[in-house]
Amino acid sequence: MFGGQVQSRPALFVHFHEGIFVDRLLELSSLFLQQLVNGITLGGVYALIAVGYTMVYGVIQLINFAHGEIYMLGAFLAYTLVTVLGLPFFAAFFITIPVCACFGVILDFVAYRPLRKAHRLAALITAIGMSIFLQNLALMIWGSQIKSYPRDILPGLFFRPALSFGDVSLSWLQVFILTVTVVFMAFLHLIIHRTRVGTAMRAISQDKVSSALMGIGVNRVISFTFAIGSAMGGMAGVLVGLYYNAIFPTMGYIAGVKAFAAAVLGGIGSVPGAMLGGGVLGIAEVMGAGYISSEYRDGISYAVMIMVILFKPSGLVGRQIGEKA
Amino acid sequence: MIKSPGAGITHRSMFLGLLFLALLLPWLPMGGFTNYVLRIITTAVLYMILALGLNIVPGFTGLLDLGYVGFYGIGAYTAGLLAIHYDLSFWIIIPLAALNGALWGILLGAPTLRLTGDYFAIVTFGFSELVVLVLRNELWLTRGPMGLPGISPPSLFGHNLVHDWEFFYLALFLLMIILLVVTRLENSRLGRAWFAIREDEIAAQCCGINLIRYKVMAFAISASIGGLGGAFYAKWFKFIHPDMFKFWESILVLCLIVFGGMGSISGTMLGALLLIPLSEILRMVLPQSLFNARYLIYGLVLVLMMRFRPMGLIPFERAQADKALRARRRLAAQEKEE
Amino acid sequence: MKIFGKFDRRIIREGISEGKAIIFRKEGAMKKLFSVLLVAVLFHGIAWAQSIKIPVASPFTGQLASFGEGVKNGALLKGEELNAAGGINGRRVEIILEDELCDPKEAATVATKLASDPGVFIVVGHLCSSATLAALPIYREAKLPAISPASTNVNIGRMSPFYFRNVYKDDFQGLFLAKYVNNMKGFKKVVIFYEVNDYSMGLMLAFMKEAQNLGVKILGTEAYTADTTDFKPQLTKFKMMRPDAIFIPGYAPQGTLIVAQAVSLGMKNVGFFGADGLDDDLMLKNPDAEGLFVTTPFLPDKAGPEAASFVAAFNKKYGKVPNWFAANSYDAVGMAAAAMKAVGQDRIKIRDYLASLNSKEKAYNGVAGKTYFDENGDCLKDAFVKEIRGGKWVSAEKQL
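Chains as they are written, first to last, in this note's numbering: chain A, 1 to 325; chain B, 1001 to 1338; chain C, 2001 to 2400.
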């Protein structure tokens, strides 16, 4: 590993090799740290999207396949606002979030609400159908070329390293993303545990019928859930569009699958689980790509998903759901 | 309403009529376009086979399999690799590919069929994506993205099948076999157990049906049909590539059975016959810019069908009623003969 | 399990009469659908009976649409020029665009459609190697000659006597790049970041083989899949290896992201280079790509006098300088037209004519150089190098 030729000339040689040894160790650890940084940032993004999946599953036990498309629409919307209407980035960011919330509510109203009483399979199939529909709609509207923001969209500061020690660097953009993620997660936590709506959401996820009997407007709360989840998802879309500077219609599909894997990993139905799952999956993916195999990078998410569902369906945090009652 | 025996068109006679039409198809005067139309219809027949396979799982057991393309790909690559490395005959490859499909169906199904519908769907999806990733990356096995070119065409008594109409008849022949298998299954003890599971699992269990065993069998048979379809695909195209096995294929086949009617055999076939040529018709009719609208329509089909006609075009119950009608006619005819 | 019992035979007889009834009766959505299909297909064939069709098959939508656009523009320009000069033996030339999305299934469908069409005698296409390989057996069965302006995969010419191409092969390109990198740029330690597809991997292998001969060290290789946007894990690995340059044998959409992310990770003094897949204006959007160089089959200023008028006309019509896709497809259409002018509308004769262009003297003199084919249908063409300077593509001062 470190070119070892440990031989007979002790003192000088040992110091020489020690030097190289330490260097190599530093190199390996900064590689590791940099990968960790990459992984945490990626994880934050997955967490933001995963939260949407997990909340919707919690209240109506539906895997909202179209959630990835909301994320994608968020990215495209911000991009369009910036390039076509010439708005500054932050304005676009703050407009996109509520618009995506509306998208989510509309999606629920149009596609899922009519099927509330129907078989689970029907809702799942509808979700898949909506996902396909929205993906191709975006393809038709914006074309399949990868879109990117013009370079001057953010002050150059953002792209420069905020912290760097040795070979490891963390850019301001990454800091921004992580901060936004943490802040909004905390916000979400507050909503779920300190407000009436949040309590209603938790009630519905435990027992829909009893909640209705208690006077909770079930449909309205469900719409609210969709709104929040979609807002976070859309926000993630805008951030990712900026961070990787690549926006294309199929981005929702891939990110959606991975975020769903993260939600399952953390425990579907549990918001802190989604956050944890997101972080863990992001790091696992980056480490896997960096240390094991870059071709199977996407495979890590699939494998994680399958393993968790088979062996610990309640996930890292969540409660026991997934097998037959 | 009991129709008098002998009256009315039943689905079976409608189907036989269409079959007769189909047999004539290559000889209709369409000029040079015969091959193009034949290819489209052959594709539709291939998808009919696939749809019949997929139909077994949600149709007969109520679970959703989102990973069908995995078995399709396994079947195709089994066939392709056997053809290229061992130069086996098509007629040996077909059952081998089907068996391989069944094997993987059992491997996947055994640990997962105890899960609820949603989780099962997700696991099958994950599995099929992993299969495709392996097909793509393991160059030593599958040549990965270089694809497998040069697969030899099927041969019958020493004559290589070369023309489009030959493949068309071959596809029809395979379809007939699968149809036979599936209809006989439907009427067998196995089929009845499956319907019981679909209608009410707990009641079925109470009647002594070993859920897991029957579900795994359904899944294995479904997978083997997928493998068979894949084998035909490989020998027909003579070139396979991982890009030909995307998640989209699973969705497309799902779309066909949703449209036609989950669980109903005639519905499934009708769904394939209508939706597959649709994509080609749209290609001709739509302007270049709306090219991708073709796929959008499939998404819309799923959503609209679930909303407005979730039982599909030919609902499963109607197909059962049809069978009852036929049974009555059979009885009446037998009485007449005595 | 009785299959053909007495009752079943009656059903079959009934079925035949039903079938006849379906054909002749007015009812039935099936019949209507079928007839619509037939009519559409027939109409399609009748409509363009008078003009000479030259179909061009490439991805015009999809991720590689910008490459397809070059092919489209070059072909359309040549079609216009041919018609302005009186067409082929007096008949109008019709360039028909067939979009196959770089997908093997679509390519096979398109190929069948074209092969079935009695008015098609030659095809210009395809672009992606997987699409070409899927279409190849169909053209071979139908004895329909095809010229690919852009498929660089090594197997294509070998596999069919009906497939030709006027672009060089990946093994040549990889070799050329290795030589250039070693002789002209002096890079001694290179890492390769390839996409998991046949084009990229073929290039990588050819490069690696020659690099080994020349003593250029390959420190490591990493892969990415087509839809990836996050390249940081692999790039971080590369960073630790401290290479002189990163070879990106992939396509521009990913290439530009790779460059941007590499720089954001702090890889400052690393060179970037690639091959014809990176030859796209998309790469210019990134200021970090300064100094990136690629091999290309066509360079306007090194291309000779025929090219000058082509470049001017292209610029006039489309407002930009043609890239190599446009130049090659322009030539391919030109060759198709020349073949039809010489031997008429016969698939086999056209194929034989093309095969007869087998030496420098008999070569087709096009804008992208002289094209002549070897016994496999492949051609030897020069490769040029262009690089990004000041946000624009310019020819590298030092060519091999």
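It is worth saying that the hints were derived from the structure and are not from the lab.
There may be inaccurate statements among the hints.
Per label pair, the in silico range of CB-to-CB distance [to be verified]:
#1 A:F187 to C:Q2212: 53 to 61 Å
#2 B:P1095 to C:K2188: 53 to 61 Å
#3 C:D2227 to B:E1138: 16 to 24 Å
#4 C:P2161 to B:E1317: 40 to 48 Å
#5 C:Q2212 to A:L25: 26 to 34 Å
#6 B:E1335 to A:F311: 53 to 61 Å
#7 A:F187 to B:P1095: 53 to 61 Å
#8 C:K2317 to A:F187: 49 to 57 Å
#9 A:R196 to C:D2227: 48 to 56 Å
#10 A:V182 to C:D2227: 47 to 55 Å
Quick caveat, the model's predicted, so the values are computed rather than measured.
Don't be surprised by glycine CBs; every beta carbon is placed ideally from N, CA and C.
Hints and how they fare:
no.	hint	result
1	A:F187 to C:Q2212: 53 to 61 Å	57 Å, holds
2	B:P1095 to C:K2188: 53 to 61 Å	56 Å, holds
3	C:D2227 to B:E1138: 16 to 24 Å	19 Å, holds
4	C:P2161 to B:E1317: 40 to 48 Å	57 Å, violated
5	C:Q2212 to A:L25: 26 to 34 Å	31 Å, holds
6	B:E1335 to A:F311: 53 to 61 Å	60 Å, holds
7	A:F187 to B:P1095: 53 to 61 Å	59 Å, holds
8	C:K2317 to A:F187: 49 to 57 Å	55 Å, holds
9	A:R196 to C:D2227: 48 to 56 Å	42 Å, violated
10	A:V182 to C:D2227: 47 to 55 Å	28 Å, violated
Of the numbered hints stated above, those contradicted by the structure are hints 4, 9 and 10, listed in ascending order.
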